[in-house]
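A.B. asks: Sequence:
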Amino acid sequence: MKTKILFFFLMCVSLNTFAQEEIAVERYTAHNKGKFFVSWGGNRDSYTKSDVNFRGKDYNFTVADMKAHDKPKGWHIDYVNPANMTIPQTNFRMGYFISDHYSVSIGWDHMKYVMTQNQTANVTGSINLPADQAGSYYNGDYNNRPVDMSLNGAQEGGSDVPQGNPPAFLMYEHTDGLNYVNTEVSRHDDISKLFGITNTDKVQINLTEGLGAGVLYPKTNTTLLGKERHDDFHVSGYGLSAKAGINFTFFKYFYIQGELKGGYIDMKDIRTTTSSEDKASQHFLFFQRIIAFGGIFRL
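In my numbering, the protein residues as written are 12 to 310.
No lab work stands behind these hints: they were computed from the structure. It is possible that some hints are incorrect.
[What the hints assert, rightly or not] Each computed BS3-like pair below joins lysine-lysine, with the alpha-carbon atoms no more than 25 Å apart:
(1) K60 <-> K84
(2) K46 <-> K279
(3) K60 <-> K78
(4) K254 <-> K78
(5) K44 <-> K204
(6) K82 <-> K204
(7) K263 <-> K44
(8) K230 <-> K68
(9) K68 <-> K279
(10) K46 <-> K254
(11) K60 <-> K213
(12) K46 <-> K213
(13) K290 <-> K46
(14) K279 <-> K230
(15) K290 <-> K82
(16) K60 <-> K204
(17) K82 <-> K254
(18) K46 <-> K60
(19) K44 <-> K279
(20) K84 <-> K254
(21) K78 <-> K279
(22) K290 <-> K60
(23) K279 <-> K204
(24) K82 <-> K279
(25) K84 <-> K263
The task is simple: from the sequences and hints, build the whole structure.
C.D. replies: Written out as structure tokens, the structure is:
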């Protein structure tokens, strides 16, 4: 009788242990180490005022406290149209989880920077162009002289046609774009339990924070003193950034992520005209609001 009772007890313990093992199934979302991710999205941008120095063989002057803004396209099919998806303000990122909480990624933040044409800015420096150049209209010494940036046909977007005489003083933007190519190290924390979510393979909520650094590779559209513009990509400086965001992952593999991202940009070597002697430099702070869609997977 005692043997039967002991046998029954052992069977119950075994069945209970087996049942617990069956119930405690490890979910796909429980660990991140070894996973890859990729995302694509859009952004809106804000910039601080910036002192921009323009220099060349016959001129060297600074536009003080230049105001600038982004160039949004709104909800548009171009964000997903392969032929045009680099035209709007976009963000691409791909990365790898080196642990459950940390990832390393590379990305391309395609921002747009447009000098506000309807502004009066103080200019300091000198211009001494040859008399046969249309821009010689602006020759002289400037000592905090207010200049209306909308005079003589200046317009946002620049101009592909020959300008009048006198030409516009300055049209200046990084619209193809203000390309911040960067590497980020980020931390990720699952906060699903705070919202009563138990099955994270269906819905998971994560917080993410990160630090980044990279180079600026803009295609700058500048029309300066009537000179022919330079229209090519050029490594112009560097950037540093920090971000914080919230991630919603659905059905293990798909996510939507919102981010706030800010940083510092320093560009000391901006090409402005077809002459390699003509340069510009500036530094400023930026602030991005990003919405991205992505996937997370193991190979």
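A.B. asks: Against each hint, give a clear statement of whether it holds in the structure.
C.D. replies: Right, here's what the structure says about each hint:
no. : hint          : verdict
1   : K60 <-> K84   : holds (23 Å)
2   : K46 <-> K279  : violated (38 Å)
3   : K60 <-> K78   : holds (5 Å)
4   : K254 <-> K78  : holds (24 Å)
5   : K44 <-> K204  : holds (20 Å)
6   : K82 <-> K204  : violated (39 Å)
7   : K263 <-> K44  : holds (14 Å)
8   : K230 <-> K68  : holds (22 Å)
9   : K68 <-> K279  : holds (17 Å)
10  : K46 <-> K254  : holds (21 Å)
11  : K60 <-> K213  : violated (45 Å)
12  : K46 <-> K213  : holds (18 Å)
13  : K290 <-> K46  : violated (44 Å)
14  : K279 <-> K230 : holds (14 Å)
15  : K290 <-> K82  : holds (24 Å)
16  : K60 <-> K204  : violated (43 Å)
17  : K82 <-> K254  : holds (22 Å)
18  : K46 <-> K60   : violated (41 Å)
19  : K44 <-> K279  : violated (39 Å)
20  : K84 <-> K254  : holds (23 Å)
21  : K78 <-> K279  : holds (18 Å)
22  : K290 <-> K60  : holds (19 Å)
23  : K279 <-> K204 : violated (48 Å)
24  : K82 <-> K279  : holds (23 Å)
25  : K84 <-> K263  : violated (31 Å)
Figure legend: structure checked against the earlier numbered hints; hints not met, in rising order: 2, 6, 11, 13, 16, 18, 19, 23 and 25.
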